[in-house]
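A.B. asks: Whenever a hint applies, use it, and build me the whole structure from the sequences.
Letter by letter, the chains look like this.
There are 2 protein chains.
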Amino acid sequence: MDDVRVIQIKESVFADNNKDADRLREQLKAEKTFLLNLMSSPGSGKTTTLLALAKELEGKLKWGVMEADIDSSVDAETMLKAGVPSIQLHTGGMCHLDADMTRQGIHEFGTKDLDLVILENVGNLVCPAEFDTGAVKNMTILSVPEGHDKPLKYPLMYETCDLLVVNKIDVMEYFDFDKEKVVEYAKRRNPEIEIIFLSAKTGEGVEKLADWILKNTKAWIEG
Amino acid sequence: MDDVRVIQIKESVFADNNKDADRLREQLKAEKTFLLNLMSSPGSGKTTTLLALAKELEGKLKWGVMEADIDSSVDAETMLKAGVPSIQLHTGGMCHLDADMTRQGIHEFGTKDLDLVILENVGNLVCPAEFDTGAVKNMTILSVPEGHDKPLKYPLMYETCDLLVVNKIDVMEYFDFDKEKVVEYAKRRNPEIEIIFLSAKTGEGVEKLADWILKNTKAWIEG
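Protein chains in written order, with our numbering: chain F, 316 to 538; chain R, 316 to 538.
Hints listed in this document are in silico derivations from the structure and should not be mistaken for laboratory results.
Please note that a few of the clues may not be correct.
Derived CB-CB ranges, DEER-like [to be verified]:
#1 R/Ile510 - F/Lys334: 44 to 50 Å
#2 R/Ala534 - F/Glu509: 49 to 55 Å
#3 R/Gly408 - F/Glu499: 21 to 27 Å
Restricting the straight-line Cα-Cα distance to at most 30 Å, the calculated cross-link-like pairs of lysine-lysine (DSSO-like) are [said to hold, decoys possible]:
#4 F/Lys325 - R/Lys334
#5 R/Lys523 - R/Lys375
#6 R/Lys516 - F/Lys516
#7 R/Lys427 - R/Lys344
#8 R/Lys533 - R/Lys370
#9 R/Lys516 - F/Lys496
#10 R/Lys427 - F/Lys502
#11 R/Lys530 - R/Lys334
#12 R/Lys396 - F/Lys494
#13 R/Lys496 - F/Lys396
#14 F/Lys375 - F/Lys452
#15 F/Lys516 - R/Lys496
#16 F/Lys496 - R/Lys370
#17 F/Lys334 - R/Lys325
#18 F/Lys496 - R/Lys396
#19 F/Lys516 - R/Lys494
#20 R/Lys347 - F/Lys494
#21 R/Lys452 - R/Lys396
#22 R/Lys325 - R/Lys370
#23 R/Lys494 - F/Lys396
#24 F/Lys370 - F/Lys396
#25 R/Lys427 - R/Lys334
#26 F/Lys396 - R/Lys533
#27 F/Lys370 - R/Lys496
#28 F/Lys516 - R/Lys370
#29 R/Lys370 - R/Lys334
#30 F/Lys502 - R/Lys396
Ideal placement from N, C-alpha and C gives every residue a C-beta, glycine not left out.
C.D. replies: Take a look at the structure:
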């Protein structure tokens with residue numbers, strides 16, 4: 316598709332990313348835009364979950380998606396086809412986004428009129444968790460085929476996230492996945508983490524995620 | 316388990332990792348040890364594939380496994396229980412291994428008497444592909460639930476690898492996974508890449524991977 320806007324992100328020039336992330340949050344607060352940073356392994360179903368959300372959020376708020384990838388623009392194309400305003404950020408090999416890189420996307424996208432922007436970060440459980448993007452909340456998706464032990468192996472991701480979505484529950488019976496253990500391991504990393512089980516493919520549980528997003532967006536833009 | 320040896324890896328002091336990787340390969344050549352670097356997303360089945368290999372390789376060569384993880388020692392425990400000499404490398408938050416970090420593992424493990432060492436790298440499709448570990452060959456595992464589009468999104472991983480293993484073919488029917496497309500996309504990144512389809516869970520195809528490993532180990536230690 317010719318109409319996908321692709322932004323080539325430059326490396327950050329700011330030494331203190333945490334302060335820079337706070338500045339971006341202040342800007343988003345003033346503009347009444349809720350930024351949600353979505354992180355996961357490759358192939359856990361980030362884009363499919365956003366597609367499922369599109370149906371649930373329709374007519375309820377103005378939103379858009381920033382798709383970050385090292386290469387390729389397939390995700391932004393997919394979201395655009397579903398009628399969701401989207402741009403593709405190319406990180407030029409970088410394994411994560413920081414606050415300045417996120418700001419470049421926000422600026423190019425033009426998000427002032429949006430209530431909600433979801434940033435689909437690079438598929439990677441390690442590096443994205445180390446960099447505050449300036450998002451108001453962080454969420455991670457763990458898909459059933461990846462196994463329930465991931466919170467043990469990627470601790471920072473779970474410590475950083477406000478919400479864990481367990482995706483692909485429709486294939487639970489074909490995998491050795493223990494729902495109680497994943498809750499136990501995730502809470503061990505972060506006792507405050509909220510957990511939603513869903514299947515982006517069948518739609519089961521997606522309304523719970525939509526409710527969580529609507530509630531948190533409202534709290535941010537009205538708070 | 317108390318008997319898992321855990322090595323805390325230090326950051327590399329060498330400026331030129333490529334030269335350092337060549338030095339490590341020379342050492343391994345002199346010691347007649349084949350080092351295979353295994354990379355993939357979290358949860359694609361690296362450890363399960365190594366367990367399946369253990370049965371196929373038994374009695375055919377002397378081998379061991381270095382399990383790299385940010386935290387936790389569950390993988391080395393699993394391999395030790397299966398009777399495979401293993402150590403756990405903790406990267407202290409680092410998202411990849413370079414040649415010097417690999418050498419620290421090789422040194423602590425004591426691999427001179429081994430024909431084959433498999434390095435299970437940190438679960439991450441981005442950063443590990445950027446650093447030559449000193450391995451003789453690189454392989455990556457892509458599991459069916461991750462989707463056939465991954466070679467489009469993580470080009471360097473596929474350019475770097477000699478072998479692509481497509482794992483979890485036993486659940487192929489439950490996912491929208493196109494075998495022909497994954498071959499096409501992987502070869503687009505790397506026309507020389509070899510591809511093996513298998514299920515570490517059922518054992519289907521694992522003998523082909525064992526044959527590939529035996530052939531390449533023999534070529535290295537006798538070449």
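A.B. asks: Each hint: holds or not?
C.D. replies: Checked hints:
The given range of 44 to 50 Å is respected by R/Ile510 and F/Lys334, whose C-beta atoms sit roughly 47 Å from each other. Between R/Ala534 and F/Glu509 the C-beta distance comes to about 52 Å, which sits within the given range of 49 to 55 Å. Between R/Gly408 and F/Glu499 the beta carbons are some 23 Å apart, a value that agrees with the proposed interval 21 to 27 Å. Between the alpha carbons of F/Lys325 and R/Lys334 the distance comes to roughly 29 Å, so the proposed pair stays at or under 30 Å and holds.
With a C-alpha separation of about 14 Å, the suggested pairing of R/Lys523 with R/Lys375 holds against the 30 Å cut-off. The suggested pairing of R/Lys516 with F/Lys516 holds, with an alpha-carbon distance near 24 Å, which does not exceed 30 Å. Simply put, R/Lys427 and R/Lys344 have alpha-carbon atoms about 10 Å apart, close enough for the 30 Å limit, and the pair holds. Restraint check for R/Lys533 and R/Lys370: the C-alpha separation of about 19 Å stays at or below 30 Å, so the hint holds.
For a cut-off of 30 Å, the pair hint linking R/Lys516 to F/Lys496 stands: about 21 Å separates their Cα positions. For the given pair, R/Lys427 sits about 42 Å from F/Lys502 by alpha-carbon distance, which is inconsistent with the 30 Å threshold. For a cut-off of 30 Å, the pair hint linking R/Lys530 to R/Lys334 stands: about 27 Å separates their Cα positions. Taking the CA atoms of R/Lys396 and F/Lys494, the gap is near 25 Å; set against the 30 Å cutoff, the hint holds.
Between R/Lys496 and F/Lys396, the direct Cα distance comes to roughly 21 Å. Compliance with the 30 Å bound is thereby established for this hinted pair. Between the alpha carbons of F/Lys375 and F/Lys452 the distance comes to roughly 19 Å, so the proposed pair stays at or under 30 Å and holds. Of the supplied pair hints, the one linking F/Lys516 and R/Lys496 holds, its CA atoms being roughly 21 Å apart against a limit of 30 Å. A distance of roughly 29 Å separates the Cα atoms of F/Lys496 and R/Lys370; the hinted pair therefore holds under the 30 Å criterion.
For the given pair, F/Lys334 sits about 29 Å from R/Lys325 by alpha-carbon distance, which is consistent with the 30 Å threshold. A hinted pair counts as satisfied when its Cα atoms are at most 30 Å apart, and F/Lys496 with R/Lys396 qualifies at roughly 21 Å. As the CA atoms of F/Lys516 and R/Lys494 are separated by approximately 20 Å, the hinted pair is consistent with the 30 Å bound. Only pairs whose Cα atoms come within 30 Å are accepted, and R/Lys347 paired with F/Lys494 is rejected, the gap being roughly 45 Å.
Annotation: proposed proximity of R/Lys452 to R/Lys396 holds, straight-line Cα distance about 26 Å (limit 30 Å). As the CA atoms of R/Lys325 and R/Lys370 are separated by approximately 33 Å, the hinted pair breaks the 30 Å bound. For the suggested pair R/Lys494 and F/Lys396, the alpha carbons sit about 25 Å apart, so the restraint of at most 30 Å is met. A distance of roughly 13 Å separates the Cα atoms of F/Lys370 and F/Lys396; the hinted pair therefore holds under the 30 Å criterion.
Between R/Lys427 and R/Lys334 the alpha-carbon distance is near 22 Å, which keeps this suggested pair within the 30 Å criterion. Distance check on the hinted pair: F/Lys396 and R/Lys533 sit about 51 Å apart at the alpha-carbon level, beyond 30 Å; violated. Between F/Lys370 and R/Lys496 the CA atoms are separated by roughly 29 Å; this keeps the pair inside 30 Å, and the hint holds. For the hint pairing F/Lys516 with R/Lys370, the CA-to-CA distance comes to about 36 Å; that exceeds 30 Å, so the pair is violated.
Pair hint R/Lys370 plus R/Lys334 does not hold up; C-alpha atoms about 36 Å apart against a cutoff of 30 Å. Of the supplied pair hints, the one linking F/Lys502 and R/Lys396 holds, its CA atoms being roughly 28 Å apart against a limit of 30 Å.
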